[in-house]
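Undergrad: Residue-level listing of the chains:
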Amino acid sequence: DAMVIQNPRYQVTQFGKPVTLSCSQTLNHNVMYWYQQKSSQAPKLLFHYYDKDFNNEADTPDNFQSRRPNTSFCFLDIRSPGLGDAAMYLCATSKARGTETQYFGPGTRLLVL
Amino acid sequence: GENVEQHPSTLSVQEGDSAVIKCTYSDSASNYFPWYKQELGKRPQLIIDIRSNVGEKKDQRIAVTLNKTAKHFSLHITETQPEDSAVYFCAARVSGSARQLTFGSGTQLTVLP
Numbered sequence: 001d002a003m004v005i006q007n008p009r010y011q012v013t014q015f016g017k018p019v020t021l022s023c024s025q026t027l028n029h030n031v032m033y034w035y036q037q038k039s040s041q042a043p044k045l046l047f048h049y050y051d052k053d054f055n056n057e058a059d060t061p062d063n064f065q066s067r068r069p070n071t072s073f074c075f076l077d078i079r080s081p082g083l084g085d086a087a088m089y090l091c092a093t094s095k096a097r098g099t100e101t102q103y104f105g106p107g108t109r110l111l112v113l
Numbered sequence: 001g002e003n004v005e006q007h008p009s010t011l012s013v014q015e016g017d018s019a020v021i022k023c024t025y026s027d028s029a030s031n032y033f034p035w036y037k038q039e040l041g042k043r044p045q046l047i048i049d050i051r052s053n054v055g056e057k058k059d060q061r062i063a064v065t066l067n068k069t070a071k072h073f074s075l076h077i078t079e080t081q082p083e084d085s086a087v088y089f090c091a092a093r094v095s096g097s098a099r100q101l102t103f104g105s106g107t108q109l110t111v112l113p
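Here the protein sequences come in this chain order: A and B. With the numbering used here applied, the first sequence corresponds to residues 1 to 113, in that order. With the numbering used here applied, the second sequence corresponds to residues 1 to 113, in that order.
Among the clues, some could well be false.
[What the hints assert, rightly or not] Here are the simulated distance ranges between beta carbons:
hint	chain 1	residue 1	chain 2	residue 2	range
1	B	Ser12	A	Asp77	35 to 45 Å
2	B	Gln14	A	Asn70	47 to 57 Å
3	A	Arg79	B	Thr78	46 to 56 Å
4	B	Leu40	A	Lys52	16 to 26 Å
5	A	Ser22	B	Asp59	32 to 42 Å
6	A	Val12	B	Leu40	28 to 38 Å
7	A	Ser39	B	Asn3	19 to 29 Å
8	A	Ser39	B	Asp17	23 to 33 Å
[Stated by the list, open to error] Simulated coverage check for chain B against chain A, where a stretch passes if three residues somewhere in it have a Cβ under 8 Å from a Cβ of chain A:
hint	stretch
9	43-54
10	103-109
Just so you know, the hints here were simulated from the structure itself, not pulled from any lab data. Even glycine gets a Cβ: it sits at the ideal position worked out from N, Cα and C.
Next up, chain A with everything else stripped away, as it sits in the complex (with noise of 0.2 Å):
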């Protein structure tokens, strides 16, 4: 009953390196989150979109960027990492900007090396 996908599971990236995160969902929700979480920590906004309107977060750093080619998917590109960029990352999504719920995928575990 996957609604929220991510691939991959596990990225190993090297120092430097772009990499790119995929989300997709099946929910036909407008509404998609990128989400970094730490160990023992919540999880942090990065950016979403409203259906193409892309909303950044005041903090987010400019090494994160996103890409939604269309309703069904969302990208999280992260265009030189460092070791301070490993994390989960979580996409998410609601039906609409108004709506309360949010539905997390499993994440992607990025390890920098």
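Fit chain B to the given chain A structure using the hints.
TA: Same frame as chain A, but now just chain B:
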């Protein structure tokens, strides 16, 4: 912006006992308060939520209470079971606005058999 504080950070209880996790929020305009459960290595899942027009909501062994005046809300789990062991996050937001969820820092609940 909104600030959500969550206590305790860790909580151990004996199986069958009750567990209470508390959160406070700073923005009096916040009116939607969800609780997420995250098992080790898994996605956060919504377990219960409450809106500011009610003071309490129950779902089987789980209940949430809200005190708008004091700006705090609590999660109550009765008759705890080992499978309740997880990290629990509270969150707050202003419903219907562009502002997104602000999460608490999480509580690691361990239910001892």
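Undergrad: Give a verdict on every hint.
TA: Against the structure, the hints come out as follows:
Evaluation of the 35 to 45 Å hint for B/Ser12 and A/Asp77 yields a pass: the beta carbon distance comes to about 41 Å. In this structure the supplied range 47 to 57 Å holds for B/Gln14 paired with A/Asn70, their Cβ-Cβ distance being about 50 Å. At about 48 Å, the CB distance of A/Arg79 to B/Thr78 agrees with the hint of 46 to 56 Å. A C-beta distance of roughly 36 Å is found between B/Leu40 and A/Lys52, which places it outside the suggested range of 16 to 26 Å.
Restraint check, A/Ser22 to B/Asp59: a C-beta distance of roughly 34 Å satisfies the suggested window 32 to 42 Å. Judged by the Cβ atoms, the range 28 to 38 Å given for A/Val12 and B/Leu40 is violated: they are separated by roughly 20 Å. Evaluation of the 19 to 29 Å hint for A/Ser39 and B/Asn3 yields a pass: the beta carbon distance comes to about 22 Å. Between A/Ser39 and B/Asp17 the CB atoms are about 28 Å apart, so this pair conforms to the stated range of 23 to 33 Å.
Counting residues of the stretch 43-54 of chain B whose CB lies closer than 8 Å to any CB of chain A gives 5, which reaches the minimum of 3, so the coverage claim holds. Under a criterion of three residues with beta carbons nearer than 8 Å to beta carbons of chain A, the stated coverage of the stretch 103-109 of chain B is upheld, 5 such residues being counted.
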